[in-house]
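Undergrad: Sequence:
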Amino acid sequence: MNRICFRFTCGEPLKYISHLDLMRLLQRAFRRSALPVAYSQGFNPHLRFNLAVPLPVGVTAEEEYGEVFLTEDIQPEEFMMHLREQLPAGVELTGAFSVDEQVPPLPSLVSAALYRATLINNPDSKEAPAPNYISQIGQFALKSLMKKDEILAPRSSKKNKKKTYVNVRPYIIDVKLKNLDGNHPLDLDLLLQAGSQGGVSPAFVLEQLDLELGDNHLQTVYWELHRVRLYRDVDGSLQPLFEGK
Numbered sequence: 004m005n006r007i008c009f010r011f012t013c014g015e016p017l018k019y020i021s022h023l024d025l026m027r028l029l030q031r032a033f034r035r036s037a038l039p040v041a042y043s044q045g046f047n048p049h050l051r052f053n054l055a056v057p058l059p060v061g062v063t064a065e066e067e068y069g070e071v072f073l074t075e076d077i078q079p080e081e082f083m084m085h086l087r088e089q090l091p092a093g094v095e096l097t098g099a100f101s102v103d104e105q106v107p108p109l110p111s112l113v114s115a116a117l118y119r120a121t122l123i124n125n126p127d128s129k130e131a132p133a134p135n136y137i138s139q140i141g142q143f144a145l146k147s148l149m150k151k152d153e154i155l156a157p158r159s160s161k162k163n164k165k166k167t168y169v170n171v172r173p174y175i176i177d178v179k180l181k182n183l184d185g186n187h188p189l190d191l192d193l194l195l196q197a198g199s200q201g202g203v204s205p206a207f208v209l210e211q212l213d214l215e216l217g218d219n220h221l222q223t224v225y226w227e228l229h230r231v232r233l234y235r236d237v238d239g240s241l242q243p244l245f246e247g248k
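The sequence shown finishes on residue 248 if you use my numbering, and the numbering steps up by one all the way, no holes.
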């Protein structure tokens, strides 16, 4: 059995498709590629394939990871050649490498994700606040948000549909404002916990920041979200998921 991990980008043409639709898109690409993909055993066999962590709807990404098992030894270069030909616009394969079968499943490795939110003027708006004004109130609102010990996010139970609330403040690892000079679009870097240990949506964090702002002038702008990188925990320190690959 050959286990291949691959890296890809997800661009504007596909930013509004769901995680399940992205999974189906890649599964169809594998089938068309004629690669010797492996299937699970049992009554309803399925392709042995994973993505590292779901990409939120409306978010582009530059360093996503997936893994697939093959029944034959295929070199990463050959794997990329066959799969790349079957991918639609919006998905670009940027790397592939072999992974030992003893390495834990890809989704279990993810501990955090770095998102970049860029503040953009709303094209439907007749006027927009000055960049310097946004920078000043943005810094104030961010400090206020990060000082909180508790930020409650709703969670719904699939079994009884009862809504509960979870404190997601521990999941917000770091948030930084960038380009504060007013000469470039304002960027917000959000380092958030992600993966099987729980996490928080970047959109939810931005909603909380907007609540802290409490300023109607900011209704004339909106955030564009991009996932920059995924991280794993190595002895208590966050490292890129597959550094140097």
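Because the hints were derived from the structure by calculation, they are not lab data. Just so you know, not all the hints are guaranteed correct.
As the list claims (entries may be wrong) - List time: in silico DSBU-like cross-link candidates among lysine-lysine, alpha-carbon distance up to 35 Å:
no.	residue 1	residue 2
1	K181	K146
2	K179	K146
3	K165	K248
4	K181	K150
5	K150	K18
6	K18	K179
7	K18	K165
8	K18	K166
Undergrad: Out of the numbered hints, which ones does the structure contradict?
TA: The structure conflicts with hint 3 only, although it agrees with all the remaining ones.
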